[in-house]
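Going left to right, the sequence shown walks through residues 1 to 107 as full-length UniProt numbering numbers them.
Keep in mind the hints are simulated off the structure, nothing from the lab.
Small disclaimer: the values here were computed from a predicted structure and weren't measured.
It is possible that part of the hints are untrue.
As the list claims (entries may be wrong) - Straight line, CA to CA, 27 Å or less: simulated DSSO-like cross-link-like pairs of lysine-lysine:
1) K105 - K10
2) K105 - K75
3) K105 - K17
4) K77 - K17
5) K75 - K17
6) K77 - K105
7) K75 - K10
8) K10 - K77
Claimed, not checked - The calculated label-pair distances, taken between Cβ atoms and stated as ranges, are:
9) K10 - S33: 29 to 37 Å
10) K17 - E80: 25 to 33 Å
11) G74 - K17: 13 to 21 Å
12) S33 - E13: 18 to 26 Å
13) K10 - G48: 18 to 26 Å
14) S33 - D72: 31 to 39 Å
15) D72 - D14: 14 to 22 Å
16) D72 - G32: 27 to 35 Å
17) G57 - E29: 28 to 36 Å
Ideal Cβ placement from N, Cα and C applies to all residues, glycine included.
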Amino acid sequence: MLGRDEDILKAAEDWSKEGRGVALATVVETWGSAPRPVGSNLVIDNEGNFLGSVSGGCVEGAVVTEAIDVIDSGKPKVLEFGVADETAWKVGLSCGGTIRVYVEKVS
């Protein structure tokens, strides 16, 4: 689900205040044809609810799964998805580009 940047960051703040575990995923680099620009965000809670987009829907499921790990461990991760990456095809990034996504716990 897409949302405006303000809505995504407000959701992160609100969900955290409600006591939910929250992570924020941000597109930090793109190469070639990428579905979303650098700076795009996805906020995820510990139940797998999310708002925003880092890939127009093609890798969100994988990012949500990794974000729940980040919430549990507290350790940030850098994820990379690209057309040459077997994982990218499995999760649906077939646009020909590569994206790098930084996932961090919101506290």
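Just to be careful, I want the Cα atoms of K10 and K77 compared with a cutoff of 27 Å; is the pair within it?
Since the Cα atoms of K10 and K77 sit roughly 22 Å apart, the hinted pair holds (cutoff 27 Å).
Quick check on a hinted range of 29 to 37 Å for K10 and S33, using CB atoms only.
For K10 and S33 the Cβ distance comes to about 30 Å; the hint holds.
Between S33 and E13, does the beta-carbon spacing fit 18 to 26 Å?
The hint (18 to 26 Å, Cβ to Cβ) is violated, given that S33 and E13 are roughly 33 Å apart.
Given the hinted pair K75 and K10, is their Cα-Cα distance within 27 Å?
OK: K75 and K10 at ~22 Å, within 27 Å.
Taking only the CA atoms, is the gap from K105 to K75 under or equal to 27 Å?
holds (7 Å)
Given pair status - K10, K105, alpha carbons within 27 Å
Answer holds: K105 to K10 is near 15 Å, not above 27 Å.
Need the status of pair K77, K17: alpha-carbon distance at most 27 Å?
holds (23 Å)
Does K17 lie within 27 Å of K75 when you go C-alpha to C-alpha?
Roughly 20 Å separates the two Cα atoms, so the pair holds.
Taking the beta carbons of K10 and G48, is their distance inside 18 to 26 Å?
holds (19 Å)
Tell me if the straight-line CA distance from K105 to K17 falls inside 27 Å.
holds (14 Å)
What's the verdict on K77 and K105, does the C-alpha distance respect the 27 Å limit or exceed it?
It holds: about 10 Å lies between the C-alpha atoms, which stays within 27 Å.
Does the Cβ distance between D72 and G32 fall inside 27 to 35 Å?
Cβ of D72 to Cβ of G32: about 33 Å, so the range 27 to 35 Å holds.
Checked against the numbered hints above, the structure breaks hints 12, 17 and satisfies the rest.
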